Every structure is written in C-alpha cells, then in structure tokens.
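Go by the hints and put chain B onto chain A.
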Amino acid sequence: MTLTGTRTLSEHESKRVLADAGVPVLDERVVDTPADAVLAARSLERDTPVVVKLCGEGVAHKTERGLVRLGLRGDDDVRAAAQAVRDAATPDDGPVGVLVAPMVRGSRELIAGIVRDSQFGACVMVGIGGVLAEALADVAFRLVPVERVDAEDMIDDLGSRALFGPVRGEPAVDRAAVVDVLLALSQLAENRRDIVSVDVNPLVVVEGRPVAVDGLVEVET
Amino acid sequence: MTGPSAAQWRALFEPRGVVVAGASTHPGKFGFVALHNILRHDFPGAVFATNRDGGDILGRRALTSFDELPDDAVDLVFVCTPASANPELLKACAAKGVRAAFVTSAGYGEAGDEGRAAERALVELANELGILLAGPNGQGVVSTPASLCAQIVAPYPPRGGIAIVSQSGNFVSSFQNYAVQTGVGVSRAVSAGNAAAVSVPDFLEYFSEDRETTVALAYVEGVTDGRAFFDRIRGVARRKPLVLLKGGVTTGGQRAAASHTGALASDDRIFDGMCQQAGATRPANVEEAFEAAATFATQPLPRGPRVAVLTTAGGWGVVTADAVARAGLELVRLPDDLRAAIDDKLPPRWSRNNPVDLAGAETRDTIPEVMELIASHDAVDALVYLGIGIQSNQARLMRTGPFYPDHGLERIVAYHERQDERFARAAADISDATAKPILTATELAVADPDNAGPRAVRATGRVCYASSNRAVTALAHLYRYARFRQRRGL
Numbered sequence: 440m441t442l443t444g445t446r447t448l449s450e451h452e453s454k455r456v457l458a459d460a461g462v463p464v465l466d467e468r469v470v471d472t473p474a475d476a477v478l479a480a481r482s483l484e485r486d487t488p489v490v491v492k493l494c495g496e497g498v499a500h501k502t503e504r505g506l507v508r509l510g511l512r513g514d515d516d517v518r519a520a521a522q523a524v525r526d527a528a529t530p531d532d533g534p535v536g537v538l539v540a541p542m543v544r545g546s547r548e549l550i551a552g553i554v555r556d557s558q559f560g561a562c563v564m565v566g567i568g569g570v571l572a573e574a575l576a577d578v579a580f581r582l583v584p585v586e587r588v589d590a591e592d593m594i595d596d597l598g599s600r601a602l603f604g605p606v607r608g609e610p611a612v613d614r615a616a617v618v619d620v621l622l623a624l625s626q627l628a629e630n631r632r633d634i635v636s637v638d639v640n641p642l643v644v645v646e647g648r649p650v651a652v653d654g655l656v657e658v659e660t
Numbered sequence: 116m117t118g119p120s121a122a123q124w125r126a127l128f129e130p131r132g133v134v135v136a137g138a139s140t141h142p143g144k145f146g147f148v149a150l151h152n153i154l155r156h157d158f159p160g161a162v163f164a165t166n167r168d169g170g171d172i173l174g175r176r177a178l179t180s181f182d183e184l185p186d187d188a189v190d191l192v193f194v195c196t197p198a199s200a201n202p203e204l205l206k207a208c209a210a211k212g213v214r215a216a217f218v219t220s221a222g223y224g225e226a227g228d229e230g231r232a233a234e235r236a237l238v239e240l241a242n243e244l245g246i247l248l249a250g251p252n253g254q255g256v257v258s259t260p261a262s263l264c265a266q267i268v269a270p271y272p273p274r275g276g277i278a279i280v281s282q283s284g285n286f287v288s289s290f291q292n293y294a295v296q297t298g299v300g301v302s303r304a305v306s307a308g309n310a311a312a313v314s315v316p317d318f319l320e321y322f323s324e325d326r327e328t329t330v331a332l333a334y335v336e337g338v339t340d341g342r343a344f345f346d347r348i349r350g351v352a353r354r355k356p357l358v359l360l361k362g363g364v365t366t367g368g369q370r371a372a373a374s375h376t377g378a379l380a381s382d383d384r385i386f387d388g389m390c391q392q393a394g395a396t397r398p399a400n401v402e403e404a405f406e407a408a409a410t411f412a413t414q415p416l417p418r419g420p421r422v423a424v425l426t427t428a429g430g431w432g433v434v435t436a437d438a439v440a441r442a443g444l445e446l447v448r449l450p451d452d453l454r455a456a457i458d459d460k461l462p463p464r465w466s467r468n469n470p471v472d473l474a475g476a477e478t479r480d481t482i483p484e485v486m487e488l489i490a491s492h493d494a495v496d497a498l499v500y501l502g503i504g505i506q507s508n509q510a511r512l513m514r515t516g517p518f519y520p521d522h523g524l525e526r527i528v529a530y531h532e533r534q535d536e537r538f539a540r541a542a543a544d545i546s547d548a549t550a551k552p553i554l555t556a557t558e559l560a561v562a563d564p565d566n567a568g569p570r571a572v573r574a575t576g577r578v579c580y581a582s583s584n585r586a587v588t589a590l591a592h593l594y595r596y597a598r599f600r601q602r603r604g605l
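These protein sequence lines are chains A and B, in that order.
Per this note's numbering, the first sequence starts with residue 440, numbered consecutively.
Per this note's numbering, the second sequence starts with residue 116, numbered consecutively.
Here chain A stands alone, though its shape is the one from the complex:
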C-alpha cells in the first residue's frame, strides 16, 4: 500500500540512494533485454551464480509473483529467466527493467530501515530480517540522530542478539559494520528530508559483513 503524496523508488534506484549514503549493496546492473542480461551476468564476478529480478517503481510483491529468479548459472539460464520475468510484467508495473545481481549466501538476514514517526520524527530501526521479519518483530528503534553508542545498544536490545555470534560455521557478525549501516541510515534521514521511509530487507550477513540485498526507498512526491 502506498501513502498519498509518496512514491517508492525502484529497487535499483533505492539501492543507489543507499549506496551513496554508505550502505553496502551488491554490484548489480539494470538492463532492458535478455541479451543485455547475459552480458551483465558475464561482467559480474565469475564463480557466483546470479539473480535476475524484474525492476521498476511499480513492481511490488516480487517474490509472490515469481519475479525473482535465483541461482542462475550460464548464459542460457540467465537469458531464459530475464525473458520470463519480462513476460510476467503487467501494465500496472509501469516502466520496467531487468536487474542482474550476484547471488550471495548467508544464513543470517537482518532488516534495517528509516521511518518518520508523527510523535518523535525520524527513527532508525534494526532487527531480524527476511520474509519473517514482521512475524518475528524482533526489532529496535532509535531517534535520529543515532550515535554510535546508541547503535551498539540497538543490537543489544534484540532478543535474538545471539545470532550476532558465530553461527553454523559462519563467523560472528561484524558489529561495527552493522553499526555503520545504522549510522549511514541516520545520516540519510537527516540529509534527505524528502525520504519518508527506507526498508533494507534483507540485509544479508555475508562472511560476517552486512550487505543490502533488497531495498526500498519511499520519497515524497
């Protein structure tokens, strides 16, 4: 649901806003055609499989609609996937492109974001992310500006903070890197008054470090 007077940027645009603010994002490309998708996939780091998604301002519920194709290897797979998500686009989606990104693996998914509260103004959030983020609701908020020590406290507020330690052969989460993401979001909320909300979900922990794998920036129109 979109609030009146706001619009959400496409995933790719959203991530550019995040990257400019200092949030780590994946090296990804947006292209028009399946052929360009193949070239884009080749230009990414070779050993990793890639992800292909439909990308556009009007595109919502990507996972539910089958607009995200994971674990693709080789030109044929990429081409077919790009064609499939393009074919699935509807007029409601508006102008669309095909996003090609390396596929990362990490068993821990966080969520981070910005919200503007009618009482307390801009707030930054961190929590346990992924598709179950809302059901788990293990999150912590702080008011902008968030200081480093506040961001540290936020992580300690989480019921599942044990997930920040070493888990299933993966190293402990680099807490300072997560703190940096929260500080970057706080700064973004201060610098860009037109940003109504930001959602970084999932913020996947890869080799201990957080990377924004999906992002949504909502701005005033």
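Simulated from the structure, these hints should not be mistaken for lab results.
Just so you know, these numbers come straight off a predicted model, no measurement behind them.
Cβ atoms here follow ideal geometry from the backbone N, Cα and C, with glycine treated the same way.
Some, not all, of what chain A presents toward chain B, calculated at C-beta under 10 angstroms:
{"id": "1", "residue": "Ile550"}
{"id": "2", "residue": "Ala551"}
{"id": "3", "residue": "Gln558"}
{"id": "4", "residue": "Phe559"}
{"id": "5", "residue": "Gly560"}
{"id": "6", "residue": "Gly566"}
{"id": "7", "residue": "Ala572"}
{"id": "8", "residue": "Phe580"}
{"id": "9", "residue": "Arg581"}
{"id": "10", "residue": "Glu586"}
{"id": "11", "residue": "Glu591"}
{"id": "12", "residue": "Asp592"}
{"id": "13", "residue": "Met593"}
{"id": "14", "residue": "Val637"}
{"id": "15", "residue": "Val639"}
{"id": "16", "residue": "Leu655"}
Below, chain B without anything else, positioned relative to chain A:
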C-alpha cells in the same frame, strides 16, 4: 518558554504557609479533605482556609476574603473552588505574595471547548501574576521534607528519595501506597492534572536538580511534542535515574505502511527505543515501576551484569537462575578460589556452584560469612539473597502455639528472629562495604510482613522483594542504566 523559577518551585514544594481556597465544612468535600490532610500531617507553617460563608472548619475560623490573609506569609494556595471563581482568586492571592497554586478544580481542558478556553485564560493570568500553576484537575502535592500533605487522597508516604509525578492522580496514590508498604520513601509527589502550565518534563527537570530527590518516577499517557520530551528526559536521566511508566501503549499502534519498517514501527516500540536512547528506565507495570525506583533509591548501581544467588534451599535458587537469564543478566560461574573459600565454611553437601545453595548446612554465622565472600569477589557484580524469614516463620508457629514459652521454645524463637535480623543487617552492611547491590527476596514480604526477616530488611531502608523474580527484574533495570552511563562515559 522557560519553566518555573526557583522561587516558584520553593513556593510549591517548600511553602512558608498554605491557604486552602474553597475549604468546606463537609468532610466528604475536597475542600475539607485537603485542609484535613495538611493539618493531620503537622505542616509546620501557617495554614489558612477560605470559605464564602466563613464559619469554623476543623477548629479554625475560615476567612471570607483573601484580604484577611497576612501579607507574604503564604506561598501556596490549594484551590478547591469552582473554575469560574478562580481568576479573581488568583489575583487576590498574588496580591498577598502567593507564588504557587495547586488547582484541583475541574471544568478545564478536560471539559470541552469552553473548558479549554478557560484553561488557556487561567494559564495566561497565572503567568502575568508570576504564579506557578499546577493542575488544574489534579489531586495534590506532597513534599515530605516540608511535612506538606496537600492532597485530596491518601496516603502520606514516609520521607525518602523518590520524586513522583503523574498524569493520573491515582497513580500518585498507588506509588505512595507502595512507599508505605516497602518503607522506601518519597521526597515530592505531584499529580500533574491537565498539566496546563507545568508539564511532566518541567517537574522532572526540577526533580533532577532537587537535593532531596535521588530518583524520579513518572507516569505518562500522552506526549505532546515527542522531540522536546525526548531531549528533556534525556537531560534528566543523565543527572539521575528516571523511571518512566507509559500508559496506553497498545492503542494507536501500527500505521498503514509501505514498508516492513513502517509496519514494525508501533508506538510502543518507538517509545521504548526513545526511552533507551534517553537513558530512562521503562518498566512494564505499576509495581515494577515502583520497585525499580525504590531499588535505584536504596542500592548501589551494579558495575556489570554478573549475578550470584545465595539461597538456603535449592528450588528457589533454580528459578532465580532462570529469571537472571531471562532478564539479560549473567549467572556468574563460580570462580575456583571462591568455591574453595566457601568449602572452608561448609560441609560438602552445598551446591558448589552458583546458585550457592547452602542446602541446610548453615550454622550460626554461615550466611553472613558466605555472603561476604561472594559479594567481595571481583567476579561478582550483584547478589540476590533468598531464604530470609524461613526460621522466623516457624518461630511464629511456636510463639502462637500452646507450648510456648516452655520446652525451650522461648529461647529458640528469640534465636531465630535474632538470626533473621542479623542476615538482613548483613545484606545491607556488606552491600554498603562492597558498593554492590544485594537484594533480599521472600514471599513473606507480603505473606507475613511482620515476620522478623522482612521487617528487618525494611529497617535497613531497603526493599524486601516479594519474589526473586521481582528482585531480578529491578536489578536488570539498574544494570541497564549503569551500562547506559558506562558506555557514554557518564
């Protein structure tokens, strides 16, 4: 906008004299009760009462006009008159040097557009006259250092370090009832009423500078300017512990949202984060709020999260260990040197771990000695002590039974009660000596408050917690505040 001046605060909390405006001869009316309570608790300054028809109220002649008041003898007017009478009343009081008014009258902001207009006019008038306006629609003000009980409700609490402000007058009563029950006293207590002129943050800022106050305790429902509220309570919590109970957290709630973050941004979670960021302690309910405040007022802050449990029976220790883990504290692993030191005091059937369960192996001096060993150890930041009063409980059966005082019962009863008194004293003394919190918990605190154990704990000025769970919850609040200060170099 600046808050009340030092002189105005003094007029409210340390008045030289008080006048009850609208005093009544009817013992059911606010105007009677307020006067009664002021006189009942021996306010040492001058006390006057006004009544349109004059007459005698509680043995004193009611004044029919403020002109009859001596000049500059009265700092505080306690207003029980109808709203319509109040503007003239404030002017007359100001002329006599009154600098503070506590207004109980209803019919203001809570009573529609007309009431709101009357409230704005009253605030403006009070500002012009240089009068601090508390309320309206509040239940009163208590200031134990001044022996002032200017309220239309009970009780009058013992003197102590907790300062209370509430948007709901009845919570002032509730907190004061807990003060009476626990013996942990109150410095100032005020019902903010409609908070038309003096707001909850105004009161909290005064408490934070008040020498009589060691911890502030507030109940709030609505917050008008969230940012300003945050900035101000952050200032308060930097100076003193602030316990903030919030009502109405489940209303409002989730907003329509385009994002997960928005959907997760409930009022309660944001308020909670705001409190953490400000360093304010946020309890879940009324008794937890009071006990957190009372613990701040009577125990040193722990330097870390490592808790030891000392118990005379196994089960109590086990559930307390569970509570420690749930509260985000650490059950410290007993260091070898400490284990060895306790081994020297006890036969081998004690638990030899934390919780330190004496398993009935204690003799006359074991509990104070082991308590001191544990609390003195560097690996321990706080101690929870369980089992006080158990022997006095048996002693009570003996004392009230048909065999007392023969058969040696008189002697054993006295011994048990003396021992429990020693243990309570030891907990307080060792806590003072080590500067570490030692919390004593037993259900006898409520099941039999006259038991020698809980009674002796209260005599040390500390809380005897009604359960180990409540003790641990209070301790966790202290730890969070200590950590907040440490991390910020405060």
